[in-house]
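Enquirer: Chain by chain, the residues:
Protein chains: 2
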Amino acid sequence: MWVATLCFFLVASGVLSKPVDDEPTCGYDACPLSDPATLNVHVVPHSHDDVGWLKTFDQYYFQDVQNVISSVIVALKLNPERRFVQVETAFFKKWWDQQKDSVRQDVINLVNNGQFEIINGAWSMNDEAAVNYQYTIDQYTLGLRYLEDRLGKCSRPRVGWQIDPFGHSREQASISAQLGFDSLYFARLDYRDKINRLSKKSGDLLWRGSSSLGNAADIFTSVLYNHYSAPPGFCFDIVCDDDPIIDDPESPDYNYQNRVETFANFVREQASKYPTNNIIVVMGDDFRYQAALNSYINTDRLIAGFDLFPQTFQGKTIKVFYSTPSCYAKAVNDYAITNDYNLEIKTDDFFPYADGVGNLVVGYFTSRPASKRFVRDGNILLQTAKQLAAAVNVPYDNVEINSLKEAMGVLQHHDAITGTELIDVTHDYHRLLHKGISDTSDAVDPILSNLITGSGDNDLQFKSCLLANVSYCPETKSDQFTLVVYNPLSRVVSSPISVPVDTETWSIVDPEGQEVIYQVEPTVIDFSEIIPEAVSPFFLEFVATDLPPFGYKVYTFAKTESAKIKSVTVGNEDTSFEVDETTGLLTSVTMNGVTLDISQDFLYYTSGGGSQAYVFTPASNDPQTIASTVTTSVVEGDIYSAVVQEFSDWAHQTIKVYKHDSSHIEFDYIIGPLDINDGGKEVISRFTTSLNTEGAFYTDSNGRETLKRVRNYRPDYEYTDEQPVSGNYYPITSKLAIKDEDSGLEVAVLNDRSQGGSSIEDGQLELMVHRAISTSDAFGLDEQEYDHGIVIRGKHYLVVGPSSGNGEKSLAAIERDVVQRKFLQPWVFVTNQDVSDQLVNLQFSNLKTSLPDNVQLLTLEPWKDNTILLRLEHVLEKDDDPNLSVDVTVDLSDLFVAFTISELAETTLAGNIPIDEYEPLHWPGSTNDTPKVRRDVGADLQVTLSPMQIRTFLATVTYN
Amino acid sequence: MWVATLCFFLVASGVLSKPVDDEPTCGYDACPLSDPATLNVHVVPHSHDDVGWLKTFDQYYFQDVQNVISSVIVALKLNPERRFVQVETAFFKKWWDQQKDSVRQDVINLVNNGQFEIINGAWSMNDEAAVNYQYTIDQYTLGLRYLEDRLGKCSRPRVGWQIDPFGHSREQASISAQLGFDSLYFARLDYRDKINRLSKKSGDLLWRGSSSLGNAADIFTSVLYNHYSAPPGFCFDIVCDDDPIIDDPESPDYNYQNRVETFANFVREQASKYPTNNIIVVMGDDFRYQAALNSYINTDRLIAGFDLFPQTFQGKTIKVFYSTPSCYAKAVNDYAITNDYNLEIKTDDFFPYADGVGNLVVGYFTSRPASKRFVRDGNILLQTAKQLAAAVNVPYDNVEINSLKEAMGVLQHHDAITGTELIDVTHDYHRLLHKGISDTSDAVDPILSNLITGSGDNDLQFKSCLLANVSYCPETKSDQFTLVVYNPLSRVVSSPISVPVDTETWSIVDPEGQEVIYQVEPTVIDFSEIIPEAVSPFFLEFVATDLPPFGYKVYTFAKTESAKIKSVTVGNEDTSFEVDETTGLLTSVTMNGVTLDISQDFLYYTSGGGSQAYVFTPASNDPQTIASTVTTSVVEGDIYSAVVQEFSDWAHQTIKVYKHDSSHIEFDYIIGPLDINDGGKEVISRFTTSLNTEGAFYTDSNGRETLKRVRNYRPDYEYTDEQPVSGNYYPITSKLAIKDEDSGLEVAVLNDRSQGGSSIEDGQLELMVHRAISTSDAFGLDEQEYDHGIVIRGKHYLVVGPSSGNGEKSLAAIERDVVQRKFLQPWVFVTNQDVSDQLVNLQFSNLKTSLPDNVQLLTLEPWKDNTILLRLEHVLEKDDDPNLSVDVTVDLSDLFVAFTISELAETTLAGNIPIDEYEPLHWPGSTNDTPKVRRDVGADLQVTLSPMQIRTFLATVTYN
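Chains A and B are the protein sequences, given in the same order. Numbering of the first sequence is given in full-length UniProt numbering, commencing with residue 1 and proceeding in unit increments. Numbering of the second sequence is given in full-length UniProt numbering, commencing with residue 1 and proceeding in unit increments.
No wet-lab data here; the hints were simulated from the structure. In this text, all values refer to a predicted model and were calculated from it rather than measured experimentally. Ideal Cβ placement from N, Cα and C applies to all residues, glycine included. One or more hints might be untrue.
Derived DMTMM-like pairs (lysine to aspartate or glutamate); straight-line CA-CA distance at most 20 Å [to be verified]: (1) A/Lys94 with B/Glu250; (2) A/Lys55 with B/Asp248; (3) A/Lys100 with B/Asp307; (4) B/Lys94 with A/Asp300; (5) B/Lys93 with A/Asp247; (6) B/Lys200 with B/Glu269; (7) A/Lys864 with A/Glu906; (8) A/Lys93 with B/Glu250; (9) B/Lys822 with B/Asp377; (10) B/Lys94 with A/Asp247; (11) A/Lys93 with B/Asp247; (12) A/Lys55 with B/Asp247; (13) A/Lys93 with B/Asp248; (14) B/Lys200 with B/Glu344; (15) A/Lys94 with B/Asp247; (16) B/Lys93 with B/Glu400.
What follows is a list of derived Cβ distance ranges for each label pair [said to hold, decoys possible]: (17) A/Lys77 with B/Leu33: 31 to 39 Å; (18) B/Asp241 with A/Asp526: 37 to 45 Å; (19) B/Asp241 with A/Pro852: 54 to 62 Å; (20) B/Asp424 with A/Gln257: 21 to 29 Å.
Where chain A lies over chain B, by a calculated footprint (3+ residues, C-beta under 8 Å) [said to hold, decoys possible]: (21) 54-66; (22) 249-261.
Kindly produce the complete structure, drawing on both the sequences and the hints.
Expert: If you want it as structure tokens, here you go:
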């Protein structure tokens with residue numbers, strides 16, 4: 001075997017024995033050479049280390065992962081041919097922090113010579129169904145920054161390594177490409193898709209991650225052949241029972257030649273199903289390589305065995321060597337360029353994922369809905385904190401804000417936000433996220449206090465009321481309190497604010513000193529049945545009007561004895577709905593100039609055997625209604641009009657129209673606890689219209705671009721109708737929509753957390769809102785009472801109208817606006833201190849002007865001394881809106897109040913690679929026949945964005 | 001913590017960072033210093049690696065042990081404080097052979113600085129019940145030589161590490177002391193003994209290994225506190241579920257202080273039960289440290305934790321540090337000397353071993369009797385081969401002879417000769433031993449051929465007939481064949497030789513050309529029911545008369561048609577026996593001038609639940625007879641007279657008196673297969689007399705010294721009568737005897753393999769001969785049909801007479817003579833080639849004279865160029881015989897035919913330590929109030945031996 005021989009020679013002669021201060025030879029230069037004349041087998045040692053699942057993050061670290069990294073490092077040092085790919089930076093940080101300098105230097109050396117290659121590099125291996133793209137970008141940014149600071153340029157990943165998530169989003173592909181990755185690997189795709197791909201050799205493909213961005217979002221993608229496991233019988237890990245290689249010819253268990261031949265047979269089988277003379281064979285699995293030497297000793301022998309017992313494939317010698325996914329991608333790229341070979345191009349995504357006949361892994365789109373919402377809360381506070389930190393020059397390494405960044409990174413893990421972890425681990429995730437939020441509140445508190453009082457010498461303390469949704473907030477139980485309402489969007493918004501209160505009459509004063517109108521209603525249910533805390537009996541709502549971008553307004557509350565002030569607002573005449581007096585159900589809505597018959601109901605599927613955290617397999621495909629009649633009551637107030645519905649003692653909903661906002665109708669539901677004695681319930685909210693939708697519906701991809709779905713159809717392979725319902729479920733991070741091409745009408749339901757959804761009948765939309773289950777799926781979690789006893793509260797936002805919109809904007813643009821306003825809704829800080837004499841600055845904005853409607857300042861966070869990370873995004877797709885889906889230019893030269901930008905250095909998406917150091921592999925099929933993305937920015941600091949483009953800059957700033 | 005701090009400092013300043021060629025600092029100089037003012041906790045990482053048990057030797061190596069050693073070496077390199085003790089040289093050799101030079105150098109460095117300390121160092125951790133002392137000495141010699149050659153002086157073990165064998169022999173203590181060990185450790189002793197010892201702080205003791213050798217066989221012995229396992233909850237090994245130490249104070253699982261305190265509690269409890277301010281805490285278990293880093297990372301933290309959270313014991317600081325058993329012994333020794341503290345002295349042994357109430361681990365004394373005999377065969381051939389190799393100057397590293405040495409080393413393992421391994425492993429042991437025997441036969445064949453023909457140019461090929469006992473030998477199925485009968489004793493002996501033949505009439509010619517008388521009898525049973533080979537219907541027996549010491553005689557056989565020659569020998573009139581015509585059982589014997597009423601019968605215990613490979617727990621304590629009447633037939637011939645008994649279709653016996661030998665009566669039994677449908681059978685041969693034995697009986701210790709046993713009594717602790725039978729079982733390697741003090745009469749049964757035995761009633765002796773079991777004990781083997789279907793053939797030799805003997809010798813001396821002649825009975829090589837014209841030297845001896853009756857030349861084997869390892873032993877105990885139990889001098893100046901000795905360099909028992917480099921620890925209580933052993937040898941090459949003394953020399957020789 002050529003590589004081994006060469007390397008042994010080099011070692012012996014000392015060439016590869018690199019002292020510490022040698023020039024690094026990482027990247028593609030460090031790759032073993034693939035030989036065009038052989039079948040090249042890239043053997044890739046890896047360990048898949050879940051950032052929590054059956055154990056907590058800490059338990060996995062201390063019980064398992066510290067052993068992996070420590071033992072790998074020493075094993076790599078013993079043989080310069082050995083390689084390992086390290087993935088999860090959350091674990092790597094914990095490990096690195098515990099190492100002494102000599103070990104750290106070992107790691108740096110091994111990174112520099114390519115033996116220890118960082119791939120993916122994000123804080124965790126994020127889920128792809130339930131995450132929003134902002135979460136994903138942030139957790140890559142966090143991980144890659146950590147690596148760059150400690151390990152240098154050679155640690156920059158070139159590989160997306162999403163081997164375990166249960167289905168794959170197109171947005172993940174797009175983000176991967178924009179991060180500067182050259183390749184993306186995964187293992188889980190629909191079993192039919194996999195069979196089909198292997199049969200036509202398209203397991204290696206070119207994935208077009210965006211329909212707006214063109215080949216800027218193309219990425220080479222490889223589907224692993226044998227899950228992410230070592231070939232059957234070749235797990236040399238300490239926890240495996242597979243036979244080691246016994247090379248002692250005297251031993252009765254001698255198996256060397258036989259083992260080599262068995263491996264060669266596997267290799268031949270795999271090679272026959274991939275397009276080039278390279279294949280990638282991973283050696284690893286969950287938490288493997290805890291005794292790395294064990295695995296390497298045997299793999300060394302296996303590799304050497306191909307010299308001793310030469311093997312061929314289709315007349316070519318089989319060459320086996322340690323490699324990495326990046327080296328595999330480079331080898332395939334070399335082949336494609338040399339042979340002008342075009343890989344198959346894929347433009348949709350890999351949802352939904354059935355891992356076997358009828359085994360649809362779509363339950364987790366909705367599983368543990370409380371976690372999914374909690375993460376969204378965490379994101380709002382994190383963006384708020386980063387924006388404020390940038391405004392007042394808080395350094396990057398602020399421990400309190402990093403606490404939330406890291407918690408958010410962990411929560412994106414594909415067994416965290418997914419809800420597919422054991423309940424004890426759920427509690428630990430919630431503890432981590434709660435700690436992050438609490439820490440970050442502590443960091444934001446003095447920023448806000450100083451801004452508001454104009455002085456560092458104050459005693460203000462602001463709290464976040466995380467349980468306000470269940471009517472608990474100790475600060476607002478007071479007779480007087482003060483709210484600071486922060487708007488993390490880069491444009492002016494008005495937003496309803498809801499606070500739990502103990503009494504009905506208040507005096508609210510806005511920053512201009514004006515009394516603010518409000519509405520107080522009793523809570524729909526008695527929340528004291530859900531939480532032990534002293535809940536308040538009422539919710540007070542008011543509208544925080546014209547909240548400044550990246551800024552706040554302060555509202556002071558005082559209890560009064562008098563009746564509330566008379567309404568002065570104009571009612572919302574554009575948007576309304578009707579409810580049937582007999583059934584209590586919605587019958588029609590009026591919005592955007594049209595009235596549409598539409599009903600809404602809660603129903604549930606009884607869980608069939610096989611449903612649990614991951615899988616959704618209903619016992620029957622006809623969901624049952626919860627109630628034949630729904631009890632209703634009507635609420636009319638100054639802030640909103642509403643109908644309160646009681647479907648049962650475990651299902652309530654309030655349908656609301658806010659008078660200040662005609663863009664949507666809100667469905668505020670409270671569901672649970674669910675009785676699981678029948679096997680479990682998977683509850684949906686279903687909207688029914690008579691739209692002729694011809695089987696089509698539309699879903700977002702991680703909250704960003706839209707994908708068209710067709711019921712009972714897959715673009716890439718023949719659909720088989722094993723699960724008529726769950727086989728049509730897709731992840732809905734922000735929007736599920738249907739269209740009637742004839743009438744031009746469109747119905748969209750936006751949500752406040754990610755969920756599973758579908759359109760099972762034409763004209764229908766359903767979103768699964770909650771699930772509690774006593775059966776078990778085959779994915780290893782096996783909880784007795786999955787999510788039993790949990791009550792969740794969530795919101796859907798209904799938008800109806802002509803696709804062409806309301807005359808100003810297309811319906812897509814209207815929907816995007818609502819999505820953004822809900823995704824980054826204002827964060828409310830509250831104090832019940834007597835602060836009246838300290839309130840100096842009742843209003844603040846870090847932006848001198850609102851950005852255009854089609855732009856969001858996606859990220860603003862401190863980066864280094866006098867440097868800020870700044871991301872701008874165009875929020876519309878290329879065909880969303882004739883006026884807004886166009887290039888837009890933002891002038892950054894005089895935008896910020898707190899600082900002035902002197903220079904903009906563009907980077908790849910995570911901020912770690914200066915754009916001029918970014919040298920992606922070029923693929924023959926990746927032609928730019930779609931819109932070019934913009935990369936121009938001049939000294940005038942004008943930044944132009946194409947539709948859906950995100951541009952990342954390191955801005956050199958001077959604080960004012 | 002003082003040691004850690006110091007060492008870290010030393011590392012930082014480079015002092016401990018030892019380059020390859022530094023002067024080693026191993027041995028006690030490398031020990032961490034115990035502080036007299038603290039409680040010193042010696043933490044000892046170890047892995048107990050069975051040389052076969054549930055897996056074969058090879059399987060354990062490739063699946064487990066290679067990982068242990070490899071991962072330990074790298075872990076030790078990372079932190080100079082870490083230590084590890086390596087035990088089994090069989091595994092170490094396999095590992096070493098696979099390493100590259102740089103790794104080997106690492107090992108040498110770590111041996112030289114004391115981090116990687118070799119303890120025990122024998123080929124395996126031998127059993128102590130079923131082994132003969134010669135096996136034990138040989139396997140230590142093999143292991144320690146291997147280590148010395150590769151690792152140098154620093155690898156010389158100072159520690160006996162017998163942590164797993166199931167009870168402990170006094171001879172093992174004696175051998176350990178004679179090997180130069182300063183300490184001996186074990187874990188398994190009777191549960192009552194352990195409770196008692198801990199209560200009186202005598203778990204550290206001084207064991208007097210010999211009643212003849214005085215303090216030359218004293219050894220410090222320490223009983224491990226918590227088996228050989230890490231403290232409960234502190235198994236940090238990868239296969240354990242104990243919590244790792246979580247030192248991250250942010251983690252909800254943070255447990256650092258708590259874990260330190262829990263460990264300290266364990267330490268305090270242990271320290272309260274040991275006599276000095278030192279305790280040893282082992283961290284390990286079976287096949288642990290396969291991911292060594294894992295364990296060390298946590299143990300590092302644990303140790304450092306005693307600095308962070310200081311702990312005390314009885315006012316003293318608890319000091320915790322990595323250490324080794326040798327360093328523990330040195331610390332206790334320092335304490336004893338400083339405080340003039342006398343440890344308790346023990347003079348008996350640690351048999352039998354009950355690991356809990358009624359759970360007597362005595363079944364293995366007999367388990368798998370075929371293996372136990374096979375090992376004895378292997379030993380005879382091995383001694384033969386080594387003697388011949390020394391005679392003709394074959395080098396030490398002869399691969400074929402080493403094959404048998406290594407196999408014999410493996411077979412001594414405490415799950416090999418014990419019969420406590422899975423049946424597949426048994427088969428692998430038999431394969432190994434068979435290969436060793438076959439290889440060594442191949443080595444001996446040309447030596448013999450050359451000696452016999454006087455030429456290297458011959459085509460003779462001699463075979464060993466290993467299945468002759470079941471009447472199969474392809475060579476003797478011929479019409480003519482030639483036997484070479486080799487005598488491995490250092491004195492002249494005559495021995496009956498038995499060969500299977502197909503016909504009844506033969507002409508046998510001895511080296512002098514004389515016709516030899518013989519006797520042919522049909523086989524007692526049809527052995528074709530046992531083995532598939534073509535067995536012969538007859539056995540021919542003749543007496544090989546006056547076989548020369550360390551030499552052979554050649555006998556030629558030719559088939560004749562005529563009747564056999566007429567007997568010319570005189571019958572044996574001194575020794576005879578009688579059998580009852582009705583019962584068919586033995587009634588009396590006449591020997592040594594007395595006639596004694598004695599009966600013998602086969603009986604069996606039905607196995608109770610709890611019996612299996614290890615444990616013997618009969619369902620009832622009254623064994624059942626096999627048959628009420630025994631069918632008998634009488635045989636009278638020129639060689640022997642016999643009665644053939646059939647007890648049942650699975651139990652036959654031939655009682656024999658040889659006409660040439662009046663020293664004993666032979667009981668040649670064939671037992672099996674055993675029906676196990678009733679739970680299993682444990683078959684005994686029981687001799688019953690009317691001797692008044694007052695509960696006492698006598699057993700040998702590993703075939704060497706004699707220990708007096710008293711029924712239902714233990715010298716060291718209060719006996720409790722939970723198992724009236726098995727509670728009185730002891731290992732019988734060579735002799736079980738009873739005495740009547742009034743009449744002066746003695747009865748001894750000698751055996752041909754080790755067995756369990758006892759005297760359950762006064763005047764009775766029983767030896768367990770076979771056992772097959774369907775129940776299971778609690779020791780982890782758990783075979784469904786333990787040894788089911790196996791037929792075994794064995795021999796007992798009965799000696800009866802006055803203890804004072806026959807006028808020439810004491811009965812003890814007579815018994816020792818028979819034991820020796822049976823233990824090293826002549827080895828028969830056979831060929832059926834037509835060799836008549838090649839037979840030049842029909843007789844050979846390497847000794848010019850027989851050694852005295854009380855001396856055996858225990859070992860003669862090639863060692864280095866012109867150097868031979870030579871061991872002389874005095875074969876009698878100090879009180880055995882008034883004339884023979886005296887100092888005896890052997891003149892080595894002109895003893896050997898093949899070579900002349902020019903110089904003798906005495907060494908410790910294994911030949912690895914020159915006697916002037918031997919510096920044992922001195923213990924206050926180890927006074928020499930018993931006979932002094934001789935250490936004098938002059939230039940005249942006169943070697944004097946005291947009773948039971950073994951002296952080992954490297955003899956410089958010149959071949960003649």
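Enquirer: Would the hint linking A/Lys55 and B/Asp248 be met if the CA-CA limit is 20 Å?
Expert: Holds: A/Lys55 and B/Asp248 sit about 17 Å apart, inside 20 Å.
Enquirer: With a cut-off of 20 Å on the C-alpha distance, tell me whether A/Lys93 and B/Asp248 pass.
Expert: 13 Å, holds
Enquirer: Using C-beta distances, would you say chain A covers the segment 249-261 of chain B, given that this needs three or more residues below 8 Å?
Expert: holds (count 3)
Enquirer: Hinted pair, alpha-carbon criterion (20 Å max): B/Lys822, B/Asp377. Please report holds or violated.
Expert: 11 Å, holds
Enquirer: Does the structure keep B/Lys200 and B/Glu269 at a Cα separation of 20 Å or less?
Expert: 14 Å, holds
Enquirer: Just to be careful, I want the Cα atoms of B/Lys94 and A/Asp300 compared with a cutoff of 20 Å; is the pair within it?
Expert: 17 Å, holds
Enquirer: Are the Cα atoms of A/Lys94 and B/Asp247 separated by 20 Å or less?
Expert: 11 Å, holds
Enquirer: Measure nothing beyond the straight line between the CA atoms of B/Lys200 and B/Glu344; if it is 20 Å or shorter, mark the hint as holding.
Expert: 10 Å, holds
Enquirer: Quickly compare the C-alpha distance for B/Lys93 and B/Glu400 to 20 Å and report which way the hint goes.
Expert: Roughly 17 Å separates the two Cα atoms, so the pair holds.
Enquirer: For the pair we were handed, B/Lys94 and A/Asp247, check the Cα-Cα distance against 20 Å.
Expert: 11 Å, holds
Enquirer: Tell me if the straight-line CA distance from A/Lys93 to B/Asp247 falls inside 20 Å.
Expert: 15 Å, holds
Enquirer: Take a look at whether the Cβ-Cβ distance between B/Asp241 and A/Pro852 falls inside 54 to 62 Å.
Expert: Once the Cβ atoms are compared, 58 Å apart, the range 54 to 62 Å for A/Pro852 and B/Asp241 holds.
In summary, the structure agrees with every hint in the numbered list given earlier.
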